[in-house]
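S.K.: Sequence:
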Amino acid sequence: MKLLTQSDLADLSAKAACAPRLRAHHNIHAELDDVVQRLAIAMEPDTYVRPHRHPGSPELLIMLSGALDWIEFDAAGETVVARHRLGDGGARVFEMPAGTWHSVVSLEPGSVVFEVKRGPYQPLPESDQAAWAPTEGDARVADMLAFLRRCQPGDRFA
Numbered sequence: 117m118k119l120l121t122q123s124d125l126a127d128l129s130a131k132a133a134c135a136p137r138l139r140a141h142h143n144i145h146a147e148l149d150d151v152v153q154r155l156a157i158a159m160e161p162d163t164y165v166r167p168h169r170h171p172g173s174p175e176l177l178i179m180l181s182g183a184l185d186w187i188e189f190d191a192a193g194e195t196v197v198a199r200h201r202l203g204d205g206g207a208r209v210f211e212m213p214a215g216t217w218h219s220v221v222s223l224e225p226g227s228v229v230f231e232v233k234r235g236p237y238q239p240l241p242e243s244d245q246a247a248w249a250p251t252e253g254d255a256r257v258a259d260m261l262a263f264l265r266r267c268q269p270g271d272r273f274a
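The numbers in this note's numbering rise by one with no breaks, and the one at position 120 of the sequence shown is 236.
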């Protein structure tokens, strides 16, 4: 049996707050090659999730605490087509089809989302990350985060 308690969520958020990427994971699946990946991800407000896609798997998100905005981009991965609130008055459960270009923005400290997608885990190749979006550590990440916090359908990152 595997449990994820309120105390576990608080501990995970504390780890994220101290981590360089402002994120921390708690895997429920036993191995990275498991056919179903199940994990809690704590994300603090200044974490950067580069727009990306998962071509081979839908992705299910369940908001456990806090809130985030999920941002969808068009098929080219460039123009915002939708923005959805998860948690704090928004949806608690959200599933996106395989191949959907997206990013997320954490809106408050202590935000934790549970993610389920097809395994095995494989790092995303460059072709599944938005070429127009800066990579982690790039000087433009602050501008990209500001864009992600305010963008609406029809917007593009300049």
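Careful: at least some of the hints might be erroneous.
[Stated by the list, open to error] In silico DSS-like cross-links for lysine-lysine, where the CA-CA straight-line distance does not exceed 30 Å:
#, residue 1, residue 2
1, 118, 131
2, 131, 233
3, 233, 118
[Said to hold, decoys possible] So the derived label-pair ranges between C-beta atoms look like this:
#, residue 1, residue 2, range
4, 255, 127, 14 to 24 Å
5, 215, 271, 16 to 26 Å
6, 120, 271, 18 to 28 Å
7, 124, 152, 17 to 27 Å
8, 211, 191, 27 to 37 Å
9, 137, 271, 38 to 48 Å
10, 265, 191, 19 to 29 Å
11, 191, 234, 13 to 23 Å
In short, the hints are calculated from the structure, not lab data. These figures come from a predicted structure and were not determined experimentally. Think of the CB as a built atom: it goes at the ideal place given N, C-alpha and C, for glycine as much as any other residue.
S.K.: Now look at each hint and say whether the structure bears it out.
M.R.: Do the hints match the structure? See the list:
1. 118 / 131: Given that 30 Å is the threshold and the Cα spacing comes to 20 Å, the pair holds.
2. 131 / 233: Between residue 131 and residue 233 the Cα gap is close to 23 Å, so the pair holds against 30 Å.
3. 233 / 118: 18 Å, holds
4. 255 / 127: 14 to 24 Å: 33 Å, violated
5. 215 / 271: 16 to 26 Å: 21 Å, holds
6. 120 / 271: 18 to 28 Å: Cβ of residue 120 to Cβ of residue 271: about 35 Å, so the range 18 to 28 Å is violated.
7. 124 / 152: 17 to 27 Å: 20 Å, holds
8. 211 / 191: 27 to 37 Å: 18 Å, violated
9. 137 / 271: 38 to 48 Å: 25 Å, violated
10. 265 / 191: 19 to 29 Å: Holds: the Cβ-Cβ distance is about 24 Å, inside 19 to 29 Å.
11. 191 / 234: 13 to 23 Å: Holds, since residue 191 and residue 234 (Cβ atoms, about 21 Å apart) stay within the stated range.
Hint compliance for this structure: hints 4, 6, 8, 9 are broken, all remaining hints hold.
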